[in-house]
Amino acid sequence: MTAPAAWRPALAPAVHLRHDRVREVDLLVMPERVVVLRGTAGTVLRLCDGGRDLDTIVAELAERFPGAPVATDVPAFLDRMHEEGWIR
Amino acid sequence: MTAHPQGHPRPWALLAELTHGCPLHCPYCSNPLQLTRRSRELTGEEWERVLRQAAELGVVHTHLSGGEPLLRRDLEVIVAAAASAGLYTQLVTSGVGLDEARLTALTGAGLHSVQLSVQHADPGASDRIAGHRSFAAKERAAALVREAGLPLGVNVVLHRDNLDALDPLIELAVAWGADRVELANTQFYGWALRNRAALLPTREQLARAREGVARWREKLGGRTELVWVLPDYFEGVAKPCMGGWGAVSLTVAPDGTVLPCPAAAALPGLDPPNVRDHALEWIWDHSAAFNRYRGEEWMAEPCRSCSHRAEDFGGCRCQAYALTGDAARTDPACALSPDHGLIRSLTGPAPAAEPPPPGYTYRGYGRG
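Sequences listed follow chains A and B, in order. Here the first sequence is numbered in our numbering, starting from -19 and rising by one per residue. Here the second sequence is numbered in our numbering, starting from 50 and rising by one per residue.
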């Protein structure tokens, strides 16, 4: 799917985003499952607070990571997270 | 296995058996035959310390289980301790004793999710298998959990008596609002091994159930997750038990004994450590019990040179011990095991003519 621009992504209620201090990684934690987030995935998901819309998230990340292909990669990543049911 | 700078790779999950007391008497119970008396249970303060140490060790999930954890009057205190340690906390319950006030208190203490057991879709059959009139309480518990907005998992242990009811069982779990249904084929040790003649399904039952799961997965389209726990007696392949010995998770028994898996209490000479004597980190890294079957050094042939050893870790130590008397042998569930005949004779194309299944030996104190 192509995400509508008005979408304000937020973590699903059962899904917790947390930093694991023992392993030094970000995690998505939900019943019976832990997803280890690589690279900047945790940074992106931390912006999914239900308040920011997709454009705002992309703009903030573009400012933080100049030169990175955020305009294409971030919506695709969030689509995948949505398909998994981890954000809505 | 890559070494963690602080020792072995850290565990992700802690199964906390808060009590072996339980109103149910399921004949396949995962508790050991020798149940721990309630007077020997860890106190709430001791659990608080264990849960804090678990979080510091790297544990992310804790499953507050039993027996029936709702029998602990201080369950709310234990849940609060788990939540404040930063653990994702799941209650594993029969549903008996879960009323609105109790659930509100547990949710307030920080409970994250609930896993509810059900024995059959038919109330009478469910009560008969559980050895206790409990179906109505389960139905109520499911409704309360959904009203509270907590994720709900429904767990069904599958065997000869309920595999043919797979369709109504899944319908029931969906109607109760489950996010996840665990269809767990019976694993035969402890109480289930004692009741094997009555519980062991036929190949035809399993084939029908497997088709049913595939059909339901398509129909539900991911709205409800269906987990099919393989019946290892019928697969010819050993299960990667616990994700490896001392690799992914640990169990703390009601009296503080720490085990690499809930069934390991039955292994002779394991001399498992106790949280009353040692910190959890020492137990994980240095205790003899946790290092006994870690990695591959302990393996004998055919595992030692087998290309599957990194996938199945030699299978289940408790099953190897239960069936061969030697916990270091290859799991007899594996078709490559020299002991596979022990299982094949029961589940092969022409299984040995078995006597009609006797009634269950219901789980309970003093019956092991």
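Wrong hints could be hidden among the right ones.
[Said to hold, decoys possible] Simulated restraints on C-beta separations:
no.: 1; chain 1: B; residue 1: Glu260; chain 2: A; residue 2: Asp35; range: 43 to 49 Å
no.: 2; chain 1: A; residue 1: Asp35; chain 2: B; residue 2: Arg264; range: 38 to 44 Å
no.: 3; chain 1: A; residue 1: Arg1; chain 2: B; residue 2: Arg272; range: 51 to 57 Å
no.: 4; chain 1: B; residue 1: Leu279; chain 2: A; residue 2: Ala(-14); range: 40 to 46 Å
no.: 5; chain 1: A; residue 1: Gly31; chain 2: B; residue 2: Glu95; range: 40 to 46 Å
no.: 6; chain 1: A; residue 1: Asp59; chain 2: B; residue 2: Pro351; range: 30 to 36 Å
no.: 7; chain 1: B; residue 1: Gly390; chain 2: A; residue 2: Pro(-7); range: 24 to 30 Å
no.: 8; chain 1: B; residue 1: Ala154; chain 2: A; residue 2: His(-4); range: 20 to 26 Å
no.: 9; chain 1: A; residue 1: Glu40; chain 2: B; residue 2: Asp171; range: 52 to 58 Å
no.: 10; chain 1: B; residue 1: Leu279; chain 2: A; residue 2: Ala51; range: 42 to 48 Å
no.: 11; chain 1: A; residue 1: Asp35; chain 2: B; residue 2: Asp216; range: 57 to 63 Å
no.: 12; chain 1: B; residue 1: Trp331; chain 2: A; residue 2: Ala(-8); range: 45 to 51 Å
[Said to hold, decoys possible] Short derived list, chain A residues pointing at chain B, Cβ under 8 Å:
no.: 13; residue: Pro(-7)
no.: 14; residue: Ala(-6)
no.: 15; residue: Asp0
no.: 16; residue: Val2
no.: 17; residue: Arg3
no.: 18; residue: Leu7
no.: 19; residue: Pro11
no.: 20; residue: Glu12
no.: 21; residue: Val14
What the hints contain is simulated information worked out from the structure, not anything from laboratory work. Idealized CB from N, CA, C, for every residue including glycine.
Okay, the hints, checked on the actual structure:
1. In this structure the hint that glutamate 260(B) and aspartate 35(A) lie 43 to 49 Å apart at CB holds, the actual value being about 47 Å.
2. In this structure the hint that aspartate 35(A) and arginine 264(B) lie 38 to 44 Å apart at CB holds, the actual value being about 42 Å.
3. Between arginine 1(A) and arginine 272(B) the C-beta distance comes to about 35 Å, which lies outside the given range of 51 to 57 Å.
4. Leucine 279(B) and alanine -14(A) have their C-beta atoms about 44 Å apart, which keeps the hinted 40 to 46 Å range intact.
5. The hinted range of 40 to 46 Å is satisfied by glycine 31(A) and glutamate 95(B), whose Cβ atoms lie roughly 42 Å apart.
6. A beta carbon spacing of about 46 Å between aspartate 59(A) and proline 351(B) contradicts the range 30 to 36 Å that was offered as a hint.
7. Under the hint 24 to 30 Å, the C-beta atoms of glycine 390(B) and proline -7(A), about 50 Å apart, miss the expected range.
8. Roughly 21 Å separates the CB atoms of alanine 154(B) and histidine -4(A), a value that falls within the hinted 20 to 26 Å.
9. The hint said 52 to 58 Å for the Cβ distance between glutamate 40(A) and aspartate 171(B), and at roughly 55 Å that hint holds.
10. Distance hint check: the CB atoms of leucine 279(B) and alanine 51(A) are about 44 Å apart, consistent with the given range 42 to 48 Å.
11. At about 47 Å, the CB distance of aspartate 35(A) to aspartate 216(B) disagrees with the hint of 57 to 63 Å.
12. Distance hint for tryptophan 331(B) and alanine -8(A): a CB-CB separation of about 38 Å, inconsistent with the stated range 45 to 51 Å.
13. Interface hint at proline -7(A): satisfied, since its Cβ lies 7 Å from the closest Cβ of chain B, which is below the 8 Å cut-off.
14. Because the beta carbon of alanine -6(A) sits about 4 Å from the nearest beta carbon in chain B, less than 8 Å, this interface hint is met.
15. Against a cut-off of 8 Å between C-beta atoms, the interface hint on aspartate 0(A) holds, since the closest Cβ of chain B lies about 7 Å away.
16. Because the smallest distance between the Cβ of valine 2(A) and any Cβ of chain B comes to about 4 Å, under 8 Å, the interface hint for this residue holds.
17. For arginine 3(A), the interface hint holds, since its Cβ comes within 8 Å of a Cβ in chain B; the closest pair sits about 6 Å apart.
18. This hint holds: leucine 7(A) has a C-beta 7 Å from the nearest C-beta of chain B, less than the 8 Å allowed.
19. Here the hint on proline 11(A) is kept, as its CB sits about 4 Å from the closest CB of chain B, short of 8 Å.
20. Using the Cβ-Cβ criterion of 8 Å, the hint placing glutamate 12(A) at the interface with chain B is satisfied: the shortest such distance is roughly 7 Å.
21. For valine 14(A), the shortest C-beta to C-beta distance to chain B is roughly 5 Å, which falls under 8 Å, so the interface hint holds.
Of the hints listed earlier, those the structure fails to meet are numbers 3, 6, 7, 11 and 12, in rising order.
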